[in-house]
Amino acid sequence: MKISYVITVFNKAPYIADVIRSLANEHSEAFEATEYIFVDDGSSDNSIEIIRENEALLPGKLVILEQENLGAAVATNAGVDKATHNWVRLLDGDDIVCQNSTAAMYVLAQEKQIEFVLGSYGYFSKNSDLLPQIEIVDAVDYVVMDQEECLKRFIKNFTHNSSCMLFKKALFQKFSGADTRLMSPDYTIALRAVANTPKIILLHNNVSQMIDEAPGRLSSQIGRSRYDSVMAIYYLAHELFPNRRDIAVAVYKRACSRSYRYARLLKNQPLWHYLRYVRSKTIAPLDLGKATYRCLSAYTPNGKPERPKEWSPGYKA
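Anchor point for the sequence shown: position 203 equals 203 in the numbering used here, and the numbering is continuous, going up by one each time.
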């Protein structure tokens with residue numbers, strides 16, 4: 001078993017030592033070959049120094065890549081490009097891996113001859129001892145899903161992140177990696193994988209754990225992260241499946257529903273989004289691309305669908 005881990009890092013100094021400890025504790029038996037590729041996305045803290053200080057804990061080769069702050073998607077692509085093994089496990093710089101998780105995902109992928117495995121995640125506390133909190137993957141609970149099942153499920157909701165993913169590098173290259181137009185790679189990697197492979201494995205076990213109070217996590221930035229989630233399914237419908245009107249309709253309805261919910265939360269033209277949401281239940285406009293794009297106005301500070309320039313990956317004031 002040969003695995004390349006790609007760990008993206010941006011100002012994760014308070015957490016990165018725990019990430020490394022979880023990696024050191026992950027396997028009951030050593031892999032044939034393992035490499036740990038840490039991609040620093042322009043950190044201004046001492047994340048890199050902490051990684052180097054803990055190098056001896058890692059049961060494999062350490063590779064450190066440094067780039068200017070271009071966003072997690074660019075960092076992920078750079079790390080996967082550098083990977084020398086056929087299978088890649090992703091990890092965010094403040095998530096920990098569950099014990100035996102990568103091996104369990106890899107064994108399933110080999111048994112089923114499937115190139116993309118997606119697990120679930122739990123949480124851990126920075127205020128308690130780390131090792132007793134790390135979950136163990138033993139008896140696996142999974143389902144094999146075909147493309148249509150994945151599309152239906154992932155358009156409706158995507159409750160995973162990139163730390164839940166194991167895939168073949170060749171598949172990642174086939175769909176050109178994470179979409180660098182968006183800040184977070186999570187949703188787009190899964191959607192692009194679904195568009196380029198007939199089946200995936202969905203593992204119900206937790207394979208990673210998020211810290212329950214990490215400041216600066218993208219998901220805490222509600223407007224921007226939800227904007228990107230709608231853009232991800234917009235690209236799915238209008239770029240990956242441009243001839244599937246049924247997908248475009250499903251994406252439009254989901255975008256209307258999600259945008260109305262967050263327009264209320266953000267107090268951003270909620271009445272207008274409510275009326276569109278009600279209309280979407282019975283009427284599908286001819287130009288679904290334009291109609292879906294307009295839903296993005298629920299998330300932006302100025303109430304317009306265009307992405308604010310400060311939300312662009314790598315933006316510098």
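What the hints contain is simulated information worked out from the structure, not anything from laboratory work. Don't take each hint at face value.
[Unchecked claim] Under the rule of at most 20 Å between Cα atoms (straight-line distance), these lysine-lysine pairs were calculated in the PhoX-like manner:
hint, residue 1, residue 2
1, Lys2, Lys168
2, Lys199, Lys82
3, Lys82, Lys152
[Said to hold, decoys possible] Pair by pair, the computed Cβ-Cβ distance ranges are:
hint, residue 1, residue 2, range
4, Val144, Pro242, 19 to 29 Å
5, Val249, Arg52, 49 to 59 Å
6, Ala33, Val249, 15 to 25 Å
7, Glu306, Leu62, 52 to 62 Å
The beta-carbon is built from N, C-alpha and C at its ideal position, and this holds for glycine as well.
Structure-based check of each hint:
About 11 Å separates the Cα atoms of Lys2 and Lys168, which keeps this hinted pair within 20 Å; it holds. For the suggested pair Lys199 and Lys82, the alpha carbons sit about 26 Å apart, so the restraint of at most 20 Å is broken. The hinted pair formed by Lys82 and Lys152 fails the criterion: a straight-line CA distance of about 33 Å is larger than 20 Å. Distance hint check for Val144 and Pro242: the Cβ-Cβ separation is about 27 Å, which falls inside the suggested range of 19 to 29 Å.
Under the hint 49 to 59 Å, the C-beta atoms of Val249 and Arg52, about 51 Å apart, fit the expected range. Range check, Ala33 to Val249: about 46 Å between beta-carbon atoms, so the 15 to 25 Å window is missed. Distance hint check for Glu306 and Leu62: the Cβ-Cβ separation is about 41 Å, which falls outside the suggested range of 52 to 62 Å.
Of the hints listed earlier, those the structure fails to meet are numbers 2, 3, 6 and 7, in rising order.
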